[in-house]
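Peer 1: Could you put together the complete structure from these sequences and hints?
Residues in the sequence shown are numbered from 162 upward in steps of one, following the working numbering.
Worth flagging that the hints you see were computed from the coordinates, not collected in a lab.
Honestly, I wouldn't trust all of these hints.
[Said to hold, decoys possible] List of simulated lysine to aspartate or glutamate pairs, EDC-like, C-alpha gap at most 16 Å:
id, residue 1, residue 2
1, Lys213, Glu226
2, Lys191, Glu226
3, Lys213, Glu251
4, Lys201, Glu233
[Stated by the list, open to error] Ranges of calculated distance between the beta carbons of each label pair, as one might list FRET restraints:
id, residue 1, residue 2, range
5, Lys240, Glu188, 30 to 38 Å
6, Val228, Gly200, 13 to 21 Å
7, Tyr193, Thr227, 15 to 23 Å
8, Ala241, Ile172, 13 to 21 Å
9, Ile172, Lys262, 16 to 24 Å
10, Met185, Pro237, 28 to 36 Å
11, Pro211, Ile172, 28 to 36 Å
12, Thr198, Ile224, 16 to 24 Å
Positions of the beta carbon are idealized from the N, C-alpha and C atoms, including for glycine.
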Amino acid sequence: MKNILYILLFIVTSATFAQQEKSMEIEGLKMYPNPVTQGKVFIESTATGPKKIILFDVFGTPIMETVLKTKELQLPRIKAGIYVIRIFTEEQTSTRKLIIK
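Peer 2: Written as structure tokens, this is what we have:
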């Protein structure tokens, strides 16, 4: 029952984030591997320059915030689970689901 509540909350949170920024999506955004198994994820896009990254848990609480200057994001102390990752460039924003195993 608890898992179902987490999943429903995640879906609602993801849908809310996606609707807010749909028109300003980052062009050519690629995030891999997803699910993350080695404690790092690669984030690429056609936008150059640093990217601000915020990682949210399923309750919408920010658990990590960083500025990414390369394409590799280290996630060494993040527990296994489902997260929402929000990526910002100077003018665009994208939100994705991130699974960590």
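Peer 1: For the hint 16 to 24 Å, verify it against the beta carbon of Ile172 and that of Lys262.
Peer 2: Since Ile172 and Lys262 have Cβ atoms about 20 Å apart, the given range 16 to 24 Å holds.
Peer 1: Please check whether Lys240 and Glu188 have a Cβ separation lying inside 30 to 38 Å.
Peer 2: With a Cβ separation near 32 Å, Lys240 and Glu188 satisfy 30 to 38 Å, so the hint holds.
Peer 1: For the pair Met185 and Pro237, does the Cβ-Cβ distance stay inside 28 to 36 Å?
Peer 2: Since the Cβ atoms of Met185 and Pro237 sit about 30 Å apart, the hinted range of 28 to 36 Å holds.
Peer 1: Check the following: the C-beta atoms of Ala241 and Ile172 are separated by a distance inside 13 to 21 Å.
Peer 2: holds (19 Å)
Peer 1: Could one say that the CB atoms of Val228 and Gly200 fall in the range 13 to 21 Å?
Peer 2: holds (19 Å)
Peer 1: Can the restraint linking Lys213 and Glu226 be considered satisfied, given a maximum Cα separation of 16 Å?
Peer 2: holds (7 Å)
Peer 1: Take a quick look at whether Lys213 and Glu251 sit within 16 Å of each other, Cα to Cα.
Peer 2: holds (9 Å)
Peer 1: For the pair supplied as a hint, Lys191 and Glu226, confirm whether the alpha-carbon distance does not exceed 16 Å.
Peer 2: Violated, at about 19 Å.
Peer 1: Does the beta carbon distance between Pro211 and Ile172 stay inside 28 to 36 Å, or does it fall outside?
Peer 2: holds (30 Å)
Peer 1: Hint says 16 to 24 Å; check whether the CB-CB distance for Thr198 and Ile224 agrees.
Peer 2: 19 Å Cβ-Cβ, so the 16 to 24 Å window holds.
Peer 1: So if I understand the rule, the pair passes when the alpha-carbon distance is 16 Å or less; does Lys201 with Glu233 pass?
Peer 2: At roughly 7 Å apart (the allowed maximum being 16 Å), Glu233 and Lys201 satisfy the hint.
Peer 1: Confirm or reject the claim that Tyr193 and Thr227 have a C-beta distance inside 15 to 23 Å.
Peer 2: holds (18 Å)
Checked against the numbered hints given earlier, the structure breaks only hint 2 and satisfies all the rest.
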